[in-house]
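Trainee: Listed below are the residues making up each chain.
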Amino acid sequence: MTGNRRAALTAIVSNREIVPGTFLMAFEEPRLAAEVRPGQFLMLSIPAAHDPLLPRPFAVFNREGPRVEILYRRVGKGTGRLAGLKRGDSLRALGPLGNGFPLPAPSVASLVLAGGVGIASVHLLLLHLLKHQSVPTTLLYGARSHQEIIPLESLEAQGLRIHIATEDGLRGVKGTVAALLSTTPALWEDGAAASTEAFVCGPMAMLRAVVARLNRPGIRTHVSLESRMACGYGVCQGCAMPFKDKENPERVRYRKVCTDGPVFTADEIPWGKTEAS
Amino acid sequence: MTKIDMSVPLAGLSLKTPVMTASGTCGYGLDLLPYLDLSRLGALVVKGISVEPRQGNPPPRIMETCGGMLNAIGLENIGMEAFVAEVLPRLREHRTVLLVNILGESEEDYARLVDRLSEQEGIDGFEVNVSCPNVRRGGIAFGSDPATLEHLVAFLRPRTEKPLIIKLSPNVTDIVDMAGRAEAGGADGLTLINTIRGMSVDVESRRPHLATVVGGLSGPAIKPIALRMVWEAAARVQIPIIGVGGILSGEDAVEFLLAGASAVQIGTAHFRNPAACIEVMAGIEGYLARHGIQAVRELIGAIRVDPSREA
Ligand SMILES: Cc1cc2nc3c(=O)[nH]c(=O)nc-3n(C[C@H](O)[C@H](O)[C@H](O)COP(=O)(O)OP(=O)(O)OC[C@H]3O[C@@H](n4cnc5c(N)ncnc54)[C@H](O)[C@@H]3O)c2cc1C
Ligand SMILES: Cc1cc2nc3c(=O)[nH]c(=O)nc-3n(C[C@H](O)[C@H](O)[C@H](O)COP(=O)(O)O)c2cc1C
Ligand code: FES
Numbered sequence: 001m002t003g004n005r006r007a008a009l010t011a012i013v014s015n016r017e018i019v020p021g022t023f024l025m026a027f028e029e030p031r032l033a034a035e036v037r038p039g040q041f042l043m044l045s046i047p048a049a050h051d052p053l054l055p056r057p058f059a060v061f062n063r064e065g066p067r068v069e070i071l072y073r074r075v076g077k078g079t080g081r082l083a084g085l086k087r088g089d090s091l092r093a094l095g096p097l098g099n100g101f102p103l104p105a106p107s108v109a110s111l112v113l114a115g116g117v118g119i120a121s122v123h124l125l126l127l128h129l130l131k132h133q134s135v136p137t138t139l140l141y142g143a144r145s146h147q148e149i150i151p152l153e154s155l156e157a158q159g160l161r162i163h164i165a166t167e168d169g170l171r172g173v174k175g176t177v178a179a180l181l182s183t184t185p186a187l188w189e190d191g192a193a194a195s196t197e198a199f200v201c202g203p204m205a206m207l208r209a210v211v212a213r214l215n216r217p218g219i220r221t222h223v224s225l226e227s228r229m230a231c232g233y234g235v236c237q238g239c240a241m242p243f244k245d246k247e248n249p250e251r252v253r254y255r256k257v258c259t260d261g262p263v264f265t266a267d268e269i270p271w272g273k274t275e276a277s
Numbered sequence: 001m002t003k004i005d006m007s008v009p010l011a012g013l014s015l016k017t018p019v020m021t022a023s024g025t026c027g028y029g030l031d032l033l034p035y036l037d038l039s040r041l042g043a044l045v046v047k048g049i050s051v052e053p054r055q056g057n058p059p060p061r062i063m064e065t066c067g068g069m070l071n072a073i074g075l076e077n078i079g080m081e082a083f084v085a086e087v088l089p090r091l092r093e094h095r096t097v098l099l100v101n102i103l104g105e106s107e108e109d110y111a112r113l114v115d116r117l118s119e120q121e122g123i124d125g126f127e128v129n130v131s132c133p134n135v136r137r138g139g140i141a142f143g144s145d146p147a148t149l150e151h152l153v154a155f156l157r158p159r160t161e162k163p164l165i166i167k168l169s170p171n172v173t174d175i176v177d178m179a180g181r182a183e184a185g186g187a188d189g190l191t192l193i194n195t196i197r198g199m200s201v202d203v204e205s206r207r208p209h210l211a212t213v214v215g216g217l218s219g220p221a222i223k224p225i226a227l228r229m230v231w232e233a234a235a236r237v238q239i240p241i242i243g244v245g246g247i248l249s250g251e252d253a254v255e256f257l258l259a260g261a262s263a264v265q266i267g268t269a270h271f272r273n274p275a276a277c278i279e280v281m282a283g284i285e286g287y288l289a290r291h292g293i294q295a296v297r298e299l300i301g302a303i304r305v306d307p308s309r310e311a
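Read top to bottom, the protein sequences are chains A and D. Numbered by this note's numbering, the letters in the first sequence go through residues 1 to 277 in order. Numbered by this note's numbering, the letters in the second sequence go through residues 1 to 311 in order.
Hint data in this document are derived by calculation from the structure and do not stem from the laboratory. Glycine included, every Cβ here is placed at the ideal spot set by N, Cα and C. Wrong hints could be hidden among the right ones.
Sample of chain A residues with no beta-carbon within 12 Å of chain D, all distances over it, derived [stated by the list, open to error]:
| id | residue |
| --- | --- |
| 1 | D168 |
| 2 | S195 |
| 3 | P217 |
| 4 | S227 |
| 5 | Q237 |
| 6 | K246 |
According to the in silico footprint, chain A covers these stretches of chain D (three or more CB under 8 Å from chain A) [as the list claims (entries may be wrong)]:
| id | segment |
| --- | --- |
| 7 | 70–78 |
| 8 | 120–127 |
| 9 | 140–152 |
| 10 | 168–176 |
| 11 | 269–281 |
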């Protein structure tokens with residue numbers, strides 16, 4: 001089939017600051033809501049505005065019926081514009097894009113690690129795991145300050161084991177997600193005996209630290225990466241990052257984060273060589 | 001009302017509409033397929049192909065700037081043989097006018113590309129990217145030295161029957177001279193303009209935003225420059241001109257046609273909307289309908305300039 005897919009033109013249903021600097025936006029788009037898989041993303045832009053010119057990539061945080069929810073942090077011009085949108089304002093959404101997380105078999109233990117707004121990229125995955133896994137799922141969730149932590153009571157009520165770390169120490173353990181992983185190995189080692197699938201999203205420094213600690217037998221780690229994107233659907237090559245060449249692991253090869261990713265296995269990434277973005 | 005005629009003749013080809021894709025902004029066209037029926041395009045211009053595959057530049061490769069973006073993709077591509085074996089058979093199924101953008105580091109590179117690709121079914125013409133450094137001539141771009149440019153075009157001309165369209169670089173002192181030289185070398189048409197060299201700095205880290213420091217600026221920020229260059233070149237040459245630079249809407253495209261372009265290309269706008277070409281076509285048709293004009297051809301060069309007012 002060619003030619004019949006469109007960037008969806010939709011209208012904001014709600015858009016509010018749920019914790020300081022972080023917003024939850026909702027719009028209705030039945031096709032996107034039905035099609036999106038955990039770890040996929042959308043390119044969002046404001047149709048009438050040309051500044052910023054380029055759309056911005058965002059994970060789908062949640063879906064409910066025809067409704068799509070985006071959780072985003074205000075960091076610059078694009079997210080600043082999004083934060084100013086009101087109910088009824090129009091929005092352009094292209095997607096769902098990217099490969100998404102590979103979903104583990106129901107009997108496999110899962111460990112999910114999120115740093116900051118990285119929680120947005122793993123939230124749909126958590127919902128999926130809570131519904132389908134026969135073994136408990138654990139979330140290690142870190143943020144700079146206790147104020148940035150998104151309330152996740154409904155996931156807890158569904159059986160999610162949540163461990164929180166904040167750098168200000170005012171919520172959970174004081175420190176980072178990586179520190180949480182080191183200081184409390186029992187959190188995940190019980191499940192890791194046979195095999196564990198780990199899913200990680202967060203800032204580059206966090207990914208680096210966490211992946212190093214997860215590098216042990218029995219754990220397969222999937223990382224959702226970020227890169228500056230212009231198109232999000234594979235045409236500009238702007239998002240390329242170096243990955244290990246399958247034929248020659250000593251060499252790197254550029255691959256597109258948008259269409260080859262954004263989810264990669266940790267062993268595909270040349271950690272020493274990757275520039276933090 | 002009679003149906004609006006959007007067709008335009010160009011360098012021996014007859015195009016359904018004057019709207020084409022710009023090289024490097026729609027890959028090999030295949031990623032557009034979910035959004036767009038390629039046969040609706042005036043032409044598909046694929047990303048630049050070189051003899052050997054190219055890795056491209058390290059990241060970061062792009063940065064948004066006011067009204068535009070900088071890119072330093074580094075002409076990453078799969079190379080001529082992979083293009084012929086893997087991409088071309090798939091593009092043939094879509095019955096679109098296909099222009100292959102080619103790039104080389106020597107005249108021999110360009111010749112090998114033209115020789116190999118001319119034998120292939122399904123390629124309707126070439127767009128020659130002359131913004132690359134000429135390794136034989138100390139790395140000066142083919143498109144920035146008039147004599148080098150004319151020599152390259154004249155060297156390629158006898159090697160193919162297919163249209164040779166030269167895509168000029170705006171990073172020159174005298175674009176009109178370059179246009180004249182390409183025509184003198186035997187070009188069938190010109191594309192104006194490629195990206196304008198630019199840079200941007202992160203003041204917090206004091207580092208350039210692009211790994212290569214300098215990149216190419218595209219988008220609405222360059223439209224007035226592109227338009228001026230098209231207008232000046234059109235006054236000089238007889239061969240048709242394809243206008244490109246910052247087109248987002250039908251009105252933007254109409255500006256280029258009025259300034260003397262026979263067709264237009266859509267680049268950066270694809271990153272906002274994969275069906276940008278269709279949006280621009282609809283915009284042109286709307287303009288024609290509004291003004292009671294039956295054929296888009298009537299717009300070409302129809303700018304009204306009082307000769308005594310020209311700057
Ligand atoms: C696949 C993917 C999914 C994403 N999902 C989400 C999400 O669900 N929620 C969310 O809040 N954000 C998400 N992001 C990040 C989001 O796209 C950026 O924060 C946004 O593009 C910033 O735009 P801006 O115009 O506000 O900032 P800009 O003005 O462009 O930049 C402001 C600051 O943010 C930094 N920045 C910009 N883009 C990125 C980026 N992609 N990664 C890291 N730093 C960046 C810049 O270096 C600069 O310091 C995702 C990114 C990707 C690639
Ligand atoms: C990401 C990107 C990649 C490009 N790659 C090529 C290329 O491979 N060959 C080429 O001739 N022009 C290339 N261009 C230039 C465009 O074809 C076009 O000339 C330029 O972007 C101006 O048009 P626009 O403002 O509509 O984008 C590229 C532009 C962009 C933004
Ligand atoms: S963002 Fe354009 S190719 Fe990935």
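Trainee: It remains to establish, for every hint, whether it holds in the given structure.
Mentor: Hint check results:
1. D168: 23 Å, holds
2. S195: 33 Å, holds
3. P217: Given that every Cβ of chain D is farther than 12 Å from that of P217 (chain A), nearest at about 32 Å, it holds.
4. S227: Given that some Cβ of chain D is not farther than 12 Å from that of S227 (chain A), nearest at about 7 Å, it is violated.
5. Q237: Q237 (chain A) is in fact no farther than 12 Å from some Cβ atom of chain D, at 5 Å.
6. K246: The assertion about K246 (chain A) holds, with a minimum of 15 Å to chain D.
7. 70–78: This one holds; 3 residues, not fewer than the three required, reach chain A with a Cβ under 8 Å.
8. 120–127: violated (count 0)
9. 140–152: It is violated, with 0 qualifying residues against the three required.
10. 168–176: violated (count 0)
11. 269–281: Coverage by chain A holds here, the residue count being 6 at a Cβ distance below 8 Å.
Comparing the model with each numbered hint stated earlier shows that hints 4, 5, 8, 9 and 10 do not hold.
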